[in-house]
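Position chain B against the provided structure of chain L, taking the given hints into account.
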Amino acid sequence: EVQLVESGGGLVQPGGSLRLSCAASGFTFSNYWIHWVRQAPGKGLEWVSRIRYDGRITDYADSVKGRFAVSRDNAKNTVDVHMNSLRAEDTAVYYCARGVPDHYYVDLWGRGTLVTVSS
Amino acid sequence: QSALTQPASVSGSPGQSIAISCTGSSSDIGAYNYVSWYQHHPGKVPKLMISDVSNRPSGVSDRFSGSKSGNTASLTISGLQAEDEAEYYCMSYTTSSTYVFGSGTKVAVL
Chain L
4 EVQLVESGGG LVQPGGSLRL SCAASGFTFS NYWIHWVRQA PGKGLEWVSR IRYDGRITDY
64 ADSVKGRFAV SRDNAKNTVD VHMNSLRAED TAVYYCARGV PDHYYVDLWG RGTLVTVSS
Chain B
32 QSALTQPASV SGSPGQSIAI SCTGSSSDIG AYNYVSWYQH HPGKVPKLMI SDVSNRPSGV
92 SDRFSGSKSG NTASLTISGL QAEDEAEYYC MSYTTSSTYV FGSGTKVAVL
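Residue numbers (the numbering used here), protein chains in the order written: chain L, 4 to 122; chain B, 32 to 141.
So that you can see chain L by itself, here it is in the shape it has in the complex:
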């Protein structure tokens, strides 16, 4: 089955760190960009980051630049996002999504994992 599955969410204190993972299956993972998108409670979707199929290019939203770092392991079909200096406003459901090669949209989403930043 073609799917993405996120894991690693949980409760973390302000200023803390957390690592989320996205595991892919059912398609040739190394051909695709992977994006992270989040949705805060009661809010809309917010694009967070993306990583190119070979891991050599990463881009970040201004809201997380310098605090989040995304990496991938094509041998394990996984993408991680390391989130540091977490703030209350980072509280959200985090989705990973597949970016279509040579295009600028995502066509497959995971079910998301909830991150709560609170003391």
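One thing to keep in mind: the hints can contain errors.
What the hints assert, rightly or not - Restricting the straight-line Cα-Cα distance to at most 16 Å, the calculated cross-link-like pairs of lysine to aspartate or glutamate (EDC-like) are:
1. B:K75 / B:D93
2. B:K78 / L:D110
3. B:K78 / B:D93
4. L:K79 / L:D57
5. B:K137 / B:D93
6. L:K46 / B:E118
7. B:K78 / B:E118
8. B:K75 / L:D110
Hints listed in this document are in silico derivations from the structure and should not be mistaken for laboratory results.
Using the frame of chain L, we list chain B on its own:
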């Protein structure tokens, strides 16, 4: 990067047509034909409805169509059905090599 501007809500009766606008700037929507639209039912995974302004992926009803003029993109739903009731988001690639979503539009079928 501020969110693209969408109306908070749009409603229509079954069978009617509605349009959802998505307004950005010359740094995003106006710069490229890289606007996509997503349908999001509460508790479910977002679904791609339109890519590259007006391309409809396989499996998406032809009642959904997209267009763009200048810095504004639009999603039109014709023959509105109860199952279309959901939140809709536009997304655009930007000149900063990032992406930006719209603020979201809740579609209600009366």
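| Which hint numbers does the structure go against, in order from smallest to largest? | The structure breaks hints 1 and 5; every other hint is satisfied.
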